[in-house]
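Residue numbers (the numbering used here), protein chains in the order written: chain D, 1 to 731; chain W, 1 to 92.
Since the hints were made in silico from the structure, they are not lab data. Hints may be right or wrong, so weigh each one.
[As the list claims (entries may be wrong)] Covered by chain W, per the in silico footprint, the following chain D stretches (three or more residues, Cβ under 8 Å):
1. 180-191
2. 290-298
[Claimed, not checked] Computed footprint of chain D on chain W, listed as stretches where at least three residues anywhere in the stretch have a Cβ under 8 Å from a Cβ of chain D:
3. 32-43
4. 57-65
5. 70-84
Beta carbons are placed, not taken as given, at the ideal position from N, Cα and C, and that holds for glycine.
If you want the building blocks of each chain, they are given just below.
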Amino acid sequence: MRLATGGRIDRGEVLRFQFDGREYQGYRGDTLASALLANGVRQVATSIKLGRPRGIFSAGSEEPNAVIQIEEPFPEPMLAATTVELYDGLVAGSLPGQGRLATGPDPARYDAVHAHCDVLVVGAGPAGLAAARAAAGDGARVIIADERPDPGGSLLGTTELIDGVPSADWAAAAAAELDEMEEVRFLRRTTVFGYYDDNYLVAVERRTNHLGASAPADVARERVWRIRAGRVILATGAHERSIAFANNDLPGVMLAGAARTYLNCYGVRPGRKAVVFTTNDSAYAAAIDLADAGVEVAAIVDVRSAPGAAWLGRAQQRGLTVVTGHVVTAARGDSELLDPVRVTALHDWHVCRGALFENVGQWQRPWYYPRPGEDMEAAVLRECRAAREGVAAMDASTLGKIDVIGPDAAELLDRLYTNLMSSLAVGSIRYGVMCRPDGMVFDDGTVIRLAQDHFMVTTTTGNAAAVLEWMEEWLQTEWPELSVHCTSVTEQWATVALVGPGSREVLAGLAPALTVDNASFPFMTWRDAEVAGLPARVCRISFSGELAYEINVTSWHALTLWEAIMASGTVTPYGTETMHVLRAEKGYPIVGQDTDGTVTPQDLGMGWVVSTKKPDFVGKRSYARADTSRGDRKQLVGLLPDDPGLLLPEGAHLVAADVLPEPPVPMLGHVTSSYRSAALSRTFALALIKGGRERIGERLFAPLGGEGGGLVPVTVTSHVLYDPEGARRDG
Amino acid sequence: MLLIPCPWCGPRDETEFHYGGQAHVAYPGNPAALSDEEWARYLFFRDNPKGAFAERWNHSAGCRRWFNAVRDTADNEIRAVYRTGEPRPVTA
Ligand SMILES: [Zn+2]
Chain D
1 MRLATGGRID RGEVLRFQFD GREYQGYRGD TLASALLANG VRQVATSIKL GRPRGIFSAG
61 SEEPNAVIQI EEPFPEPMLA ATTVELYDGL VAGSLPGQGR LATGPDPARY DAVHAHCDVL
121 VVGAGPAGLA AARAAAGDGA RVIIADERPD PGGSLLGTTE LIDGVPSADW AAAAAAELDE
181 MEEVRFLRRT TVFGYYDDNY LVAVERRTNH LGASAPADVA RERVWRIRAG RVILATGAHE
241 RSIAFANNDL PGVMLAGAAR TYLNCYGVRP GRKAVVFTTN DSAYAAAIDL ADAGVEVAAI
301 VDVRSAPGAA WLGRAQQRGL TVVTGHVVTA ARGDSELLDP VRVTALHDWH VCRGALFENV
361 GQWQRPWYYP RPGEDMEAAV LRECRAAREG VAAMDASTLG KIDVIGPDAA ELLDRLYTNL
421 MSSLAVGSIR YGVMCRPDGM VFDDGTVIRL AQDHFMVTTT TGNAAAVLEW MEEWLQTEWP
481 ELSVHCTSVT EQWATVALVG PGSREVLAGL APALTVDNAS FPFMTWRDAE VAGLPARVCR
541 ISFSGELAYE INVTSWHALT LWEAIMASGT VTPYGTETMH VLRAEKGYPI VGQDTDGTVT
601 PQDLGMGWVV STKKPDFVGK RSYARADTSR GDRKQLVGLL PDDPGLLLPE GAHLVAADVL
661 PEPPVPMLGH VTSSYRSAAL SRTFALALIK GGRERIGERL FAPLGGEGGG LVPVTVTSHV
721 LYDPEGARRD G
Chain W
1 MLLIPCPWCG PRDETEFHYG GQAHVAYPGN PAALSDEEWA RYLFFRDNPK GAFAERWNHS
61 AGCRRWFNAV RDTADNEIRA VYRTGEPRPV TA
């Protein structure tokens, strides 16, 4: 967004340009990048291989992302938008990595010049200007070259004073002084790009590009300078270094100095809300400039535990939050990636209801539904209470669903799941775990027996494709004699989880022909029934420990079903965060969150799901290995922090000692899930801890950093923290 | 990017395939009869030659079939492809 004032642009001269077919306006003094940012254009290119969206990362020639193609006045590929001076009539477009050369002849002229000097100064920032002035003052013949249109370099993006005047004015005065000197040649818009033996340097001067269509035909568009210099002074300045974190190539991630340059040089606010992440003092000035320009600075994240007091004071004076001793580990971004986005049939309803979304695999799932004035914590506690005390509903359509049919279907499932599936009665449901041959948990879900030769299995949302491939792999490569077909039906079915002590009553109201009492419709059975007038398959499955149903209808009917449930007036919609809290209170693991490919079912406290009767299944032999029966394997347990308000960070390690010994400190395990519980009126966590079950009742410590390691005391508990006797399951 | 000749579909871009590791490592007929060492050998040990290597591929974004290929790991040339269950062909 363009600020009302400020910057070194000439607001009196409006320049029209096109980008990706759309008309925009900028000002004389803009670069293409600053003009795009001023117009709110955030994605300006895509990466070559993966098509990831790319934005503007820097304000100079170091730009790695915003690589564009100029179409008019003359096609030119692979230019950094940050180095293209804006001119009237410019037509440019984003590039998917590779550009296109012009097909017609280039009408422009080009020439070359040989030059000699006593001193060549490369760069006209503060150091270069000072060096050129000093050398010229001694009578030397000086050439000073700078790639930008205006001298000043880093000074142009700052607000500091030099010799009592604004630094940009100081640079302009120094440059004017050099321009006046007979033996000084000042090359603007000139990039020195080669440095060879005996101080032979090559530079290119862009003489008419910035004039666009009004460039005079008799002036060379570009000039190559071949310079032999007595002495060379490289005053090229420094480029700010980027910091590595996941997704740091997303549009909106920008160097702090660049953000400052867009503000101060171009009068452009590069965003509305910013997190400033730094390893040193330099980013504080950017954070303060951003805040002064009306950008909401959510936080300054400083890796240092003790930043310099002066800048810290200035930041705090402005009310900026400084988070010390922390790093940014990932950017989420709001761009649509090339990776397909999958939404459920109820997505629009969730959007209208103000849901925030979470990406799970390729799916967008409602995360929670904040009411006006609620933050995430308040919304999730309310949704959790609704599920445990009343009735709540979740769109569970993203659950992977695989139809398994054929005379050998039961045999296939017996070989792939750790427990026995062939004994499952038609009409019943069984929970199952799949492991790799090494015995480690690969996925879990439920198996529904539809007929003697027909099952539907569910998988975790993120693993649906992998489980289907797993089944096909074994069928094709090891057991081609089995006659089974596996088909993904994830998108054919929409699934609504109806949860809570009041769920039976809501279902009864919607399905008058269905007998819903516990004896007629017991836990882990399914019924085909008419629900809200729609053909539906209702499963009595609970992922929360409460009385609960999963109602499946064809995707076309999803909205009708959902609205009928909501029309009952008593049902609270809830999202994945509440689902995670509810299942964690019951100690139900999430594969991929509480497991990491090194965890057996026994480690999860689910030895009961591993059949001892079946002669073999994938993984079985590994449970006889010494490694899987070690007493010090990491096991899933619960953790209760002494401070019931303290939320342990997921990933936090646990140690036994209340004083940290000298490194290396023996680690016992780590937190895999951590939440605030409405039912327990406190925080709790799940963790994988060495010999965890033996440690129940022990006190451990989570070193969270800060003074003395910041050891936070916790007590190890069973992983089942809520309703361990399972009294709530039947309502 | 490799151009992989699926024995069912013909040559397709590598991006359509999933790699499946060394071929001809059969699931043991009776795992319970194996010693820990023999089982560990099945689980954890694979060849890593420089030169011709028989490996599994799955045409996951195509016909979804598994097949085997002999690829020279030194120059990435695929010397042969053949269907699951067929013996490894003799390659130069
Ligand atoms: Zn194929």
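query: Can the stretch 180-191 of chain D be counted as covered by chain W under the rule of three residues or more with Cβ-Cβ separation shorter than 8 Å?
result: Contact hint for the stretch 180-191 of chain D vs chain W: violated, 0 residues under 8 Å.
Per-stretch coverage check for the stretch 290-298 of chain D, three Cβ contacts closer than 8 Å to chain W: With 0 residues closer than 8 Å to chain W, the stretch 290-298 of chain D misses the three-residue bar; violated.
field: Cβ contact check, 8 Å cutoff: the stretch 32-43 of chain W against chain D, three residues minimum
entry: Holds: 7 residues of the stretch 32-43 of chain W have a Cβ under 8 Å from chain D.
Assertion that chain D covers the stretch 57-65 of chain W - criterion: three or more residues, beta-carbon distance below 8 Å: holds (count 4)
task: Between the stretch 70-84 of chain W and chain D, see if three or more residues pass the 8 Å beta-carbon test, and mark the coverage as holds or violated.
output: n = 1 at 8 Å, threshold three: violated.
In terms of the numbered hints stated before, the structure departs from hints 1, 2 and 5, listed from lowest to highest.
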